[in-house]
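Chemist: Here are the chains, one letter per residue:
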Amino acid sequence: MFGVNKVAILGANGTMGSLSGGIFAQADIPCIYFARTLEKAKLGIENAVNQARSEVLREFIVPRTYDDLEMDLPDCDWIHEAVSENIDLKNEFFQKIDRFRKQGSIISTISSGLSIEELAQNRSSDFKSHFLGMHFFNPPGKLIANELIYHPDNSETFKKNIYEFCEKVLRRVNINVRNIAGFAGNRIGFQLLNEVAVYAERLGVDRMDYLIGPYTGRTLPPLATLDLVGLDVHRAIVQNIYQKTTDERHETFRMPEYLQKMIDRSILGLKTPSTGGFYFKDENKEICVLEPSTLKYRKIRDAKSDVIERVKRHIHDGSYKKAVSVLKNDKSEEASIARHFILGYVSFSFFRVGEVTPEENGIHGIDRVMAYGFSWMPPSGWVDFLGGPRETVRLIEEADLPVPEALRNLPEEQLCRIPDVTRFLIAA
Amino acid sequence: MQKKVYILGGFQTDFARNWTREGKSVQAMINEVMEGAFSAAKIEPVEVQAAHVGNFAGELFTMQAHFGALVLNYDPVLHGIPTARHEAACASGSIAALAARTEIEAGLRDLVLVLGVELMKSVDSKIGGDYLGTAAWYEKECRGINFPFPKLFDRIYDLYNELYGVDYEHLAQISAINYANAKRNPKAQTRDWYMSKEHACSTGEFNRAIGNTLRTTDCCQVTDGAAAVFLCSQDYAESYCTKNGLNLNDIPYIQGWGHTTAPILIDDKIEDAKKNQYALPYTRRAILDAYTRAGISGIEEISCIETHDCFTITEYAAIEHFGFAKPGEGWKAIEDGVIEFDGSCPINPSGGLIGGGHPVGATGTRQLLDACLQVTGKAGNYQVPGAKRVATLNIGGSATTNVVHIIGAGS
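Respectively, the protein sequence lines represent chains A and B. The first sequence: position 190 = 189 (numbering that gives the first Met the number 0), numbered continuously. The second sequence: position 254 = 253 (numbering that gives the first Met the number 0), numbered continuously.
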């Protein structure tokens with residue numbers, strides 16, 4: 000493993016720049032936070048301090064403006080780029096980095112969608128061989144997954160050193176992923192999120208968030224998650240995936256029209272509190288829910304169903320097998336919808352083995368990114384709970400979903416390597 | 000010759016979890032720790048003959064008592080076995096183990112489940128702090144006081160300071176070591192938290208004074224968690240080894256133990272301490288009793304320690320009381336690095352209570368489990384190389400109940 004004595008963070012005023020930079024500073028590595036103005040860079044430092052919950056972090060970070068790149072970049076062993084997700088802007092910075100950086104320094108981009116090869120195409124060979132994508136999840140202080148997207152010119156030694164450094168020094172859970180739109184986590188996560196948004200048009204936002212709620216293995220309900228992500232970001236992610244990939248569930252990435260109308264009206268989620276998102280807090284602090292057909296807000300309906308409440312009671316008591324048994328066998332429409340999404344998620348994940356993560360890693364890379372990047376039950380955790388690969392295949396067939404060969408061929412033994420997966424089954 | 004009482008391993012839950020946020024009950028926690036323990040120890044529920052449960056304040060935190068009976072909900076084959084819940088504040092888990100050991104030594108049982116459990120994040124920190132006050136003499140020492148326990152341990156700090164003088168940097172070092180150790184432990188509550196000695200020495204929004212001297216970083220965590228181990232007779236251990244292809248010499252057993260109770264009022268403790276060279280004379284006696292029962296001369300025969308660091312000053316005291324240094328000179332072991340992970344006798348390789356977490360009724364059981372993992376070489380990234388004998392110190396209240404176990408393997 001190599002030593003890293005100084006790190007430059009570009010775009011340090013943004014949420015991901017400041018917080019991912021803070022992860023370097025938390026490893027006691029001196030960092031330079033670059034932004035357009037010193038004030039913005041200082042705001043980034045405040046974000047990092049709040050994430051670490053320690054004033055001591057200030058000692059490791061200095062603010063700078065982009066005017067100082069020429070002076071400071073030659074001293075940096077690592078340059079971490081987190082400017083806006085705009086290829087022209089990034090290219091502008093990469094050109095400067097290529098000019099000012101010292102040979103052998105590492106350049107990482109936090110881009111969640113742009114092609115790593117494309118981003119480096121006009122750069123020097125030393126730049127290319129030391130360039131990679133590092134996709135952190137928000138907030139990186141709590142979500143410790145780190146998707147690593149290597150450039151084809153990276154040497155094996157470089158890749159090994161990066162992996163070890165991120166694991167041991169930055170304390171990340173690494174996932175080697177392929178340079179493909181959405182990488183692993185967003186490709187799989189946003190398939191479900193977008194499909195839930197599609198269903199919400201017919202069944203209602205509050206009903207879908209109830210039916211595919213935390214008891215189905217996630218911290219937040221899906222549409223509340225999209226409010227947190229921001230609908231503009233959601234659009235960028237699913238459109239990018241829709242345009243650049245094809246798969247057995249391609250159409251589930253087509254964003255429903257009402258979402259575009261929401262975006263047109265600046266209904267983006269938590270970032271637009273005055274216009275709201277799927278949810279809106281009115282003047283009486285009451286949370287209302289969006290009606291997709293009218294884009295108006297209404298009171299949340301009591302959508303409770305007996306079967307879902309029964310499942311949640313079993314989870315509350317720690318009787319997980321009973322909870323899963325009810326989910327598997329109940330004939331109600333509610334249970335059927337829950338099965339469609341749980342099994343759809345499992346099916347889609349296993350289909351991606353070898354496409355978004357290396358074949359030799361099996362499902363385990365995808366498991367790690369969904370557990371530590373999304374706080375979702377990893378797909379193989381569901382396979383174990385559902386009764387093993389053969390039983391899961393039977394259920395997927397019964398739900399009229401495509402069956403991945405990668406699942407069909409697995410031995411009947413415990414699959415999931417992530418500890419304490421019961422924590423993802425939430426009865427709250 | 001008295002027969003040995005063995006420990007066949009067990010399990011602890013991930014102490015970083017928040018079970019209330021997960022919408023789960025204390026029964027769910029019991030079910031998970033039992034599932035993990037049966038699986039880790041390769042024991043079938045039908046073999047268990049009794050269960051002793053350590054829990055401090057289930058009635059307050061969860062409106063649930065009668066914890067012995069909850070164990071039976073795990074599996075109907077357990078219906079009918081004798082069970083009991085034990086309470087001695089933060090030492091509840093160790094008291095449950097003492098009861099189980101006594102039953103086995105008396106020849107009453109061959110295999111007993113010892114389980115410690117506490118769900119604490121069900122209330123906010125102020126209410127939780129008030130509940131913890133019931134571990135002292137509540138009416139006289141805690142009623143109407145915010146966060147009474149840090150203030151009681153402040154009194155122990157004051158006592159030490161008066162007797163010998165205390166350099167706060169040594170307390171900060173204890174905190175930093177525990178946090179650093181916790182980073183190696185995949186079940187430690189603070190494994191992903193930022194911490195350094197500099198942070199522990201700092202004051203401000205992120206490291207507030209909780210008592211007069213003690214700060215946030217001097218305190219253990221509010222934790223949800225459970226731990227379980229199986230204690231068994233020599234006869235059972237022999238058949239267990241035959242069945243699993245193991246050598247009896249490799250199975251951990253209780254080599255020694257000590258158990259004392261100090262007067263509950265801190266004023267009375269301080270009066271007693273002033274007549275004694277040790278600040279916590281009853282803690283010292285429990286340690287010496289354990290050494291004697293184990294037939295060892297002292298700390299030089301211990302590989303590592305899992306001690307009760309509810310506050311940094313408690314571990315500071317333990318350093319002297321275990322015999323690392325003479326009273327008043329415990330700081331030398333801190334400065335020399337003796338207690339650090341790669342020191343000659345690491346303290347709290349697991350992260351202890353400050354780094355690992357302190358689900359009150361589970362801590363004593365968790366310490367026993369960690370001792371077993373260490374002497375069997377199964378502690379993973381926080382394994383102390385070559386550990387053969389481990390001491391645990393579990394304290395209830397303001398150093399009121401003191402329980403020491405010495406766990407070893409090999410001849």
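It should be emphasised that the hints constitute simulated quantities derived from the structure, not laboratory data. Nothing here was measured: the structure is a model prediction, and the numbers come from that model. Each hint should be verified, as a subset may be incorrect.
Below are the PhoX-like pairs computed for lysine-lysine, each with C-alpha atoms no more than 20 Å apart in a straight line [what the hints assert, rightly or not]:
hint : chain 1 : residue 1 : chain 2 : residue 2
1    : B       : K139      : B       : K120
2    : A       : K298      : A       : K320
3    : A       : K158      : A       : K141
4    : A       : K167      : B       : K150
5    : A       : K270      : A       : K39
6    : A       : K141      : B       : K377
7    : B       : K377      : B       : K387
8    : A       : K141      : A       : K5
9    : A       : K141      : B       : K120
Chemist: Give a verdict on every hint.
Modeler: Quick rundown of the hints versus the structure:
no.	hint	in the structure
1	B:K139 / B:K120	26 Å, violated
2	A:K298 / A:K320	35 Å, violated
3	A:K158 / A:K141	25 Å, violated
4	A:K167 / B:K150	38 Å, violated
5	A:K270 / A:K39	19 Å, holds
6	A:K141 / B:K377	28 Å, violated
7	B:K377 / B:K387	12 Å, holds
8	A:K141 / A:K5	24 Å, violated
9	A:K141 / B:K120	18 Å, holds
The structure fails hints 1, 2, 3, 4, 6, 8 (numbered hints given earlier, in ascending order).
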